[in-house]
Structure formats: C-alpha cells, structure tokens
Amino acid sequence: MLTSDTGDGSVTRMPLPPPRIDAEEVAGVLTAFVNANVMARGRPIQPDDDFESAGVDSMGLLKVLLFVESEFGLWMPDEDLVEENVMSPRAIANYLCRRRGPS
Amino acid sequence: MAMHAPWKRAGQSNNTVMVVHCDGPLAVDRIRRALDLFLDACPWPASRLRRPFPWGKLHWAAGPRATLTPPPVRQAAATSTRELERLIEAEINAAIDPHREPPLRMLVIDTTGNGPRGQGVLVLTWFHPLMDPRGGQNLLARLSTLETNGGHDASLSREVTRDPRPFRERGRIARTSLAYMKSLAPVPPVSPGAALTTPGAVRYRQVSFDEGDPRLRQTRDISWRLAVVGKAMAELWRRRGLPDVPFLLPISVDLRPKGEPGATFGNLLAFHFARFTPSDTADVPALARALRQQMADAVRDGQIDANAVAMEFLHYRPLRTMLRALPWTAGGEIFSFNCADLGEFPPALARCFGRAVLNAYHVPAVPPRPGVGVFFNRCAGRNNVVVSWVDGAVSEEDASRLVDAVGEGMGWASTS
Chain A
0 MLTSDTGDGS
10 VTRMPLPPPR
20 IDAEEVAGVL
30 TAFVNANVMA
40 RGRPIQPDDD
50 FESAGVDSMG
60 LLKVLLFVES
70 EFGLWMPDED
80 LVEENVMSPR
90 AIANYLCRRR
100 GPS
Chain B
0 MAMHAPWKRA
10 GQSNNTVMVV
20 HCDGPLAVDR
30 IRRALDLFLD
40 ACPWPASRLR
50 RPFPWGKLHW
60 AAGPRATLTP
70 PPVRQAAATS
80 TRELERLIEA
90 EINAAIDPHR
100 EPPLRMLVID
110 TTGNGPRGQG
120 VLVLTWFHPL
130 MDPRGGQNLL
140 ARLSTLETNG
150 GHDASLSREV
160 TRDPRPFRER
170 GRIARTSLAY
180 MKSLAPVPPV
190 SPGAALTTPG
200 AVRYRQVSFD
210 EGDPRLRQTR
220 DISWRLAVVG
230 KAMAELWRRR
240 GLPDVPFLLP
250 ISVDLRPKGE
260 PGATFGNLLA
270 FHFARFTPSD
280 TADVPALARA
290 LRQQMADAVR
300 DGQIDANAVA
310 MEFLHYRPLR
320 TMLRALPWTA
330 GGEIFSFNCA
340 DLGEFPPALA
350 RCFGRAVLNA
360 YHVPAVPPRP
370 GVGVFFNRCA
380 GRNNVVVSWV
390 DGAVSEEDAS
400 RLVDAVGEGM
410 GWASTS
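Chains A and B, in that order, give the protein sequences. Just so it is clear: in the first sequence, position 90 is 89 by numbering that gives the first Met the number 0, and no numbers are missing. Just so it is clear: in the second sequence, position 393 is 392 by numbering that gives the first Met the number 0, and no numbers are missing.
Quick caveat, the hints were computed from the structure, so don't treat them as lab data. Watch out, some of these pointers could steer you wrong.
Once the Cα atoms are required to be at most 27 Å apart in a straight line, the calculated DSS-like pairs of lysine-lysine come out as [what the hints assert, rightly or not]:
1. Lys-257/B / Lys-62/A
2. Lys-181/B / Lys-230/B
3. Lys-56/B / Lys-62/A
4. Lys-181/B / Lys-56/B
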C-alpha cells in the first residue's frame, strides 16, 4: 500500500501498482509452460511460433490463459481474445505488458 | 458398449466413418498391401473384442501374425452425389460386430457421371471404441506412409503411455468425476430422440464452407461453435414445442500432446459437460462467454483430468456405466445432442495412397438418444459441417435447416 500526504494532515492510501513485467521474460515463461504442458516431448515451440500452426487447440489455449491468470493475476476478457493478442507466446506477453505497463 | 434396453437387439450401429475425397481413383491393391504391412507391426486392425469367460474385462485380442486376416477392402462406383451419400450411409449403418469380425473395413468408391466426376473416395469405417477420430486419421496416414515407403514407417510404435499415478489414487479421482457428473443435471435433459420407439437408420448431411473473416479468432473457439450449434438446435426445439430445460452435452477434449500425431488405437479423449438452456442461445456472444467460463472452471477444478481418469476405468463401456450411475438417464435420456470440432485434417494426409486429398470429414453414428450431432472439421482450406442423425429423431429437412443455421451463425459461405 502507498500513502501520500495531502497537505492537510490526512493521508490517502493507494493500492500498490502491479509489478512491471518484461515482455521477453514473460514470453519465455509462457513458452516454457506450453512446451511442458501442451506440446509433445521433442516438439517444442519458440516464443514467436503460431499456436494454431503448432497444433494448439481451444483447450490448449485455455490452459495457457489459466496459467497467465495464476502466474500474473490477469484473466483475459473475451473482448480481448483477438488474433493479435493470443496467436503466440510473444503476442500474449505483449498483451500482458500493455495491461500491466512495460518496464 | 451398451445400448438402451429397448434397442439392445435392434442392431444399432456404433460405427464411425472417415470419408476422404481424392483427386483421382485409388488403387485398391495399394491399400490392401498397406494393411498387410501394417499387420506385421501391429495386430489391432485384425483383432476381436473379447471378454474372458465367465466374466472379466473387455479387451482386444489377436493371435500370431500368421493367423491374422487383414480387414476387408471393397470397391464400388457412384454415378451421382446422392448415390455416393447412400453408399456412405450404408457403411455407417452396417454395424460392425467386433466380437466376430475385424473392427474396421475400407470401401473405395470411384465417382463417375453427374456427381464429382473422376474422384476416388476412401471410406474408412470402424467400431468407434477401437479408436477416436484423430486415431482414424493417424491410422490412414500411417498406412499411406507405409505403402509409399515400402514398409518402413519410423513413427509406428506400440508405445502406450500409462498414467503413473497409483491405482488407488486414480480410483479416487475417477469417483470425483462421477460425483461431478451426478451434480450436473438437476432435471433430465431432453433430446430430439425422446419420442423414438424404435431406432431408425443413421443419416448424414455434409456441407463445405469457405472461411469467413480469418481474423475473427473467436469463431474458431469451441465455445463459440457450440453456442452457434446451440442456437440452431434451439430453433428445432421451438418448432417441436419442447420445454426450456437445460441442454446437456459432452464436449470431447483430445488428450494427445500437440505437435505430433500421437497414439492411434484406444480412447485418447476426455469430456467436458456443457450445459445451457435453449433460451440462453438468444445471445450467442454472451452464451459463448458463459461456455468458455464453464470450461475454464472445469479445468481449474480438475474435472477434465478427473474425467480422463474415469474414462480409463469405464473401458469400452462408458455409456452403460453412465446409464447405471447418472440419475437423469432413468428416462432413457443421456445428452441433448452431440457436438465436436475435430480441427484441422493432418498435413500428413495432404496426399493419400499417391493421390492429393481434396476434402475429408468424419461421420459418427449418433445413438438414438440424442439422435443428432453436429461436427466441424477443416480440410484443404474448407470448413466442413456434418450433421449426423437418426431417422425419426429429426428429419432431412430439420438437418438441412441445422446446417444452414450453423453456416449462417459462423458467417460462412457455402461451397457445396
């Protein structure tokens, strides 16, 4: 919790801003999760690889989004489920950075 | 497998077919040779379903290689699209008895005359519990590769991935799945097949569509597709005057790791149970959101994993176990309708036995209750919608309306 002195003797409490995240690091974390939990052994993907071309289906993507929720505390609303936000680990990482503020 | 008591001796089919349209006639000898080569490495296409006497677990059994007879490969010709459909419907309805005959067979159809002229159509028919649709695709890809490579297919293995968790732990997890299923339907669901006294023949209608706007990612999500199918089904409900009780249906989840074909034989599916009322379908985007949330909750709560474990315990008889265990099945209903998205036809099958694949789709025989199912897949840049139904549960006109409503809901333009 942050506090600020308003000058009249009272103190306003403000919630802490969410920790800043690095897109490159997040893309790496997401790629590692996908390779460990969705992809077959020996068929790893890279941060820029397209999920659909790699064979990741609706359920696979849902697992990734649930991981994002547990790891970064953000649930992606349906209106944000567009191609440019979810097409690859890097796209999701960029989306998260936009929501949380880049470093 | 089991059937509702009134239909036990009605010969209701448990077949599934995969239809592959190729750019020219297919050589039957090449397919027979491929099956023969396949049996050198794997006996299951020539196996029989057995249960030890006097009681025991159902299992597939096959003798030594010398005793194995390859599954039959037959040939036919079709002079019109309608004749082709009749031949495919005959394959679905000629129920395979896995206790007495091989669990799969093939039919090669040459098209001439007014239909799609000069095509070779391969129809792979199998007893559904032998393998799931992705397994059927894997089998065909492996047969085609084997034949082309002269008997060498490095991907062919008998490896079976076993759940490493102890038996007692898996039993506990499976029981949570059953408890979850029992809690799903406070009132019995209704299906179009509820009024059937005897099951009719299985019919199907397949239509290909051009993709709408490819940027609309949302429409490729199973939640969106299910919402669109739900809306189409709700219109059928309204015409029938059926009550606004919740739809309940299983959504299959492919458990194979992604990026490689994975296992061929056996059931690699778990199920998520979607539920919503016909009146919920008035707002498709809102319904898609709610269905996605249901699926997310099921993953969070471990219900899909629990169902995967339970399916292993049910072992070839999920229907009978469900009928015994679930309160809502007392009246004969299990689910309201079936729906699945089989995804992209594998790139490994861009060519099949030397021919380019023009289109391919699956047609499963749906049980009399629910009596109707809608299935999606994509092949060669086309979206296929297949409606499979039991005559009497819905009519041909109902099925056509369903296809039209689904195509319209998806924003697709028909190509066939």
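Checking each numbered hint in turn, tell me which of them this model violates, lowest number first.
3
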